[in-house]
Amino acid sequence: MMKKLITYIFFVCVAIAARAEQTRFTMSAPNAVEMGQQFRLSFQLNDRGSNLQLPPGLSDNFQILMGPSTGQSTSIQTINGKTTTEITYSYTYILRARAEGKFEVRPASVEVNGKVFESNSLTIQVVKAQASTPAQSGTSQAEQGTTQNIDLDKDNLFVRVDLSKRNVYRGEQIIATVKLYVNPNVPIHGFDDVNLPTYEGFYTQDIEIPQQINFTREVYNDKIYQVGILKKTILFPQQNGRLTIEPFSMALLVRQRVKARSFFDDFFDNYRTVKARVTSDAVAVNVKDLPTAPAHFMGGVGNFQLSSEISSTNVSTNDAVTLKVRISGNGNIRLVRSPKLELPSDFEVYDPRTTDNVSATNNGATGTKTIEYLFQPRFEGDYTIPPIRFAYFNPATGKYDTKATESYTLHVEKGTEEQNTTVVSSLRKEDLQLIGQDIRYIKSGKAMLQVKGYTFYGSTIFYLIYLISAVLFVVLYFVYRKKARENANIALVRNKKANRVATKRLKAAATFMKQNNNEAFHDAILKAFWGYLSDKLSIPIADLNRENAVSKLKDKNVSDEVIQDFEEVVEQCEFARYAPVGGAEARHDLYKKAETTMSRFEKQIKR
Amino acid sequence: MKKIIIFLLIIVPFFVFAQETNEQLWEKANAFYTTEEYQQAVSSYEQILATGEESAKLYFNLGNAYFKTGDINNAILNYERAKVLAPHDEDVAFNLQIANQYVVTKVEELPKPFFLRWKESVINKYPTDTWAFISIVSFVLFLLLLGAFLFSKRVALKRISFWIGIFSVLLSGFAFSHAAQQKNKINKRNHAIVFCPRVTVKSSPSETGTDLFLIYEGLKLEVTDQLNSWTEIKLADGNQGWLPDSCIVRI
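Residue numbers (the working numbering), protein chains in the order written: chain A, 1 to 607; chain B, 1001 to 1251.
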């Protein structure tokens, strides 16, 4: 660890030192040469240097024909009155390849002010000499005239779509490069009618390339071509099976020298522009379907990372909370759907906002997709925001990967009153949310089976109950009535007999009066009265006393005067029984009074 | 006496045995339903019905099992049968309503006068036997009150028993007639469910009759007449026509 750190610091220091001195030492050479062809290997140094060491092992593969020839160029720049002078020293070697193949040229080194600087390294591909190509160094007009009009056929001039992959999963990205291959001897000076390919069945994203087409040397089929990149596109196949990129065509403007017909022609401009139409071949891509997707697959194919961030976990009701989920990585990020956030159902949830930031590079589409979920908790409490799961297909491993954000605990407190008033309805009634509909569950317990069609109604027992109860009633009625009638008869008899019994008793009282039997006389009168009232009023003798007798008499509408007489008689009798006061006179009066009261009773008590 | 005892000893075990199997079948069918083996539940419930016994609960559960197997027609049929036996059961009404959502034909019921609707809702308040029971109880009450009226000496008691007595004898009569109507419903079975997926209703009981209208399976209709293998039906909206017998099942 320590060692690493020291090395790192050392390199940083070196880099800083180099930067500070502004010493640049670069090596340059064409990246593809023909066998036997001469080429330049040149070094540029912006300072005076000494002791230039050629790359080690250079002479093994290349023959140094000439060199070094040194040159010096000075450029003086004045910007805003500030003048900078830059002197560039160049060392040029002319080399020739000894053998075919790909060779690496290791860095050269040079000493500047006692310090050693190393250049970059290079790779040079050597291909076999092209038979039709005569001496490259031909400079004479005549020679050029013959070499100029080389065939504009497929060997010398063609376009092709270069795909990074031919066998992909659906949604996996492919980098398609439209390249123009030109024989270095064919002078191109323009394009016309460019119909770039339409990638049908693909979702495309263009990679930014410089407007100016830079031609580089490239070896293709053991030949050196000038290659220009016309367009770079990232393709995302959207269909399964074999997708074909249809051929496309373009016209190239080539300057050709017209063969001299006469001697004078040479004096005039005898070049003409020829239109050469080139057409690419169709390219096919084999697209495999993705394996069965897991639950949280959102269409992402590539390699992604997932991160999330919540604005606050401690809020009050009706505060807006933002959960930011960032999906970053390399793949079809634009085609990824927003994963679903499962929130408690009484949250106010707004549609998530999605922003893409994707850049297309030579490595494919890379960037981030930011999804902002905005929601408002309506009620206080502690809620758990579950993790968002995001599954994607990794074409490198051929498997699905699932990433999940962390889960958050949201503590919601009751908002203050002022906050509540800002909300339209602070008191909200939640409607019952019907989630599904189903029949009610079966009934359990006893089946309570009955024979089909049987009902208690209409059965014999049903009617019997009516009949029995009716019959019972009638029987009881008659029994009761008979008894009542008998009772009534007894009372009637006694009622009728009452007067006779009373007169008999009064007569007995009269005989006692004559015998001067004071106690027996009064007794007989009382007996006569009580017996009479008992029979008349149907009150048993034992229950009879003055009070209820009087009230009963009043009920029977007996006049108060008679009742008063009756009371006087009873009082006198009871008094006289124990304390005889009056003589025969008084007894006689009492007797008379009792007799009249009795007869008036008889008249007034109707029944 | 001895003979009777022997007879009972022979008969009773059969009776008990039969009862037991039905109870067992009932438990078994409910267990099948709970474990979501609806097809087996259906066949077990049907076995109970095959013994000639029925109950509103049984029809209800059978309807549920049919519903879960996706046989809406049979589900509706059994719910309707349950409804005949237990007209005021909320669960039956609810499930019937859900099952009816699957019925394609929509029929607007003819509006009935309010007193008929009231009467119907009163009658449907209880099944036959509850009405019969109410009738008996109120009749007995009437007799008691009549007795009180006849023998009571107190004027107030007489008056009360007179009025309540009149009320209870009326109640008894109404309950009796309601019971009779409910019983009539069970006996007549003049409603049916369409079982053909799609059937054309004809103007006369023959294939050559004019096509009147189309009805789809699951619809409940009233049977008004029968001729040969044809049935005259009446929809709730008053439309009438003839259908082949084979297309309907009586409730």
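Rather than coming from a laboratory, the hints here were simulated on the basis of the structure. Don't take every hint at face value.
To be verified - If you want a taste of the chain A side facing chain B, the calculated C-beta under 10 Å gives, among others:
id: 1; residue: Leu449
id: 2; residue: Ile465
id: 3; residue: Ile490
Glycine included, C-beta positions come from ideal geometry on N, C-alpha and C.
Hint by hint, here is what the structure shows:
Contact between A:Leu449 and chain B, as hinted, is supported at the beta carbon level, the nearest pair being about 4 Å apart and thus within 10 Å. Residue-level restraint check for A:Ile465 holds (minimum Cβ-Cβ distance to chain B is 5 Å; threshold 10 Å). Hint status for A:Ile490 relative to chain B: violated, with the closest Cβ pair at about 17 Å, above 10 Å.
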